[in-house]
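Undergrad: Residue numbers (the numbering used here), protein chains in the order written: chain A, 1 to 77; chain B, 78 to 154; chain C, 155 to 231; chain D, 232 to 308; chain E, 309 to 385; chain F, 386 to 462; chain G, 463 to 539.
In short, the hints are calculated from the structure, not lab data. You can take every hint at face value.
List time: in silico SDA-like cross-link candidates among lysine to any residue, alpha-carbon distance up to 25 angstroms:
1. C:Lys203 to D:Lys247
2. B:Lys102 to A:Asp68
3. A:Lys57 to A:Gly67
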Amino acid sequence: MANKIERPLDLLNNSKGKEVIVSLKGGKQLVGTLLAFDIHINLVLDNAKELENGENKRNLGIVFLRGDTIIFISPAA
Amino acid sequence: MANKIERPLDLLNNSKGKEVIVSLKGGKQLVGTLLAFDIHINLVLDNAKELENGENKRNLGIVFLRGDTIIFISPAA
Amino acid sequence: MANKIERPLDLLNNSKGKEVIVSLKGGKQLVGTLLAFDIHINLVLDNAKELENGENKRNLGIVFLRGDTIIFISPAA
Amino acid sequence: MANKIERPLDLLNNSKGKEVIVSLKGGKQLVGTLLAFDIHINLVLDNAKELENGENKRNLGIVFLRGDTIIFISPAA
Amino acid sequence: MANKIERPLDLLNNSKGKEVIVSLKGGKQLVGTLLAFDIHINLVLDNAKELENGENKRNLGIVFLRGDTIIFISPAA
Amino acid sequence: MANKIERPLDLLNNSKGKEVIVSLKGGKQLVGTLLAFDIHINLVLDNAKELENGENKRNLGIVFLRGDTIIFISPAA
Amino acid sequence: MANKIERPLDLLNNSKGKEVIVSLKGGKQLVGTLLAFDIHINLVLDNAKELENGENKRNLGIVFLRGDTIIFISPAA
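Sequences are here, hints too, so could you generate the full structure?
TA: Next comes the structure, spelled out in structure tokens:
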């Protein structure tokens, strides 16, 4: 996947429809399928779960995530 | 619902008139019916309740929520 | 009131001259009559009181509140 | 005074030359005569005093206050 | 000096070449001669000293100070 | 490398395809190969690892890092 | 050097190629040779060292520093 990344948003575009891990500033971690993003890095995740120490803390379903709370986004391996 | 989401704000648009859970930066959680939103993600919730550990802490009625305090917004299941 | 809200600022407009509760980021809560607001959500409240645990902590009279410290604004029931 | 307030900055304009109390994000409180303000809510206070628990902590003379540290501004009663 | 202040930046302009006290968000305090400022309230202080409890903690010489860390700026009495 | 740096972004441009260490505001440190960056200093790192006390804490694979959480970026020696 | 400073960025321009001390919001301090800066006060330092209590904690080599984490920048005496 790394070969096609010329700008940072290309990685988000390549990750649409795939599961991503999102690390948030307050220490929360969410996992879900990336449905949409915009230039503010606002995201929509489907089948999202909140994780705590790698364990499923609760199911959130579909969520809108504000971009300014995000530290990093990583496609699940 | 996931099929119609092309941009993050589409999820908010689809959620108008429905109950949403809003997670805020300070640790607060609100639940209420989404009446309106704007591009700053400012929201108006009707019949809003503040939750603490999933329990109803107090009824707020109709509230204006500033977008920059929001972590995520999720339509109630 | 909920029927007339198309954009978030409509709620603030509808609340002019009425008592509102304002929750601030630092944990403070103010109650007062909403006299004015602008697009930054800067507010002027008249007969404002600072609350602590729902009790009146001190009377502030008329106050200018900076919008970026606000979490939510709710018309008093 | 409340009758003439149509926009939030009107209150600051009405308060020029009068004593105001300014509550800051870090917990500080200043009192002084409002000499000037701008749209960023930067202020100049004359004869400013820093307060601690309502007591005079130190005299600051004339001060420039950055608007983004301000929670609220209230004309002294 | 108070008579000539129409806008907040006038105070900074009047203070060029004079000693000012600068209070920063992280609790630091600097004293030095104000050489320059811009609209972001970035400052250059000459012969700057960092203070701790009013005592000289260390000499910094000439410093560039980022405006967004500043709470207030006061000409030394 | 230092000779060719005229603007800060030149260093990031020179570091493309190389391993960089990224220090984040929350105390996290990531190491990975810099694939892309933009003017917001959003980054994409490949083969990224999260470090704790210099030890590998977990492998993240390819990650999108939001620029506003970054303190510094340094090409690995 | 103080005579030639008309705007804050003049100090940074005069400091190119010289050793500077940079104090960061999180408490970190870096020392290094200033190679480049931009209007966001993003910096590139060469031969940068991270200091702790004035002691060399680790060598960073060449680093890109994000401007919004900086408190002050001072040319080493």
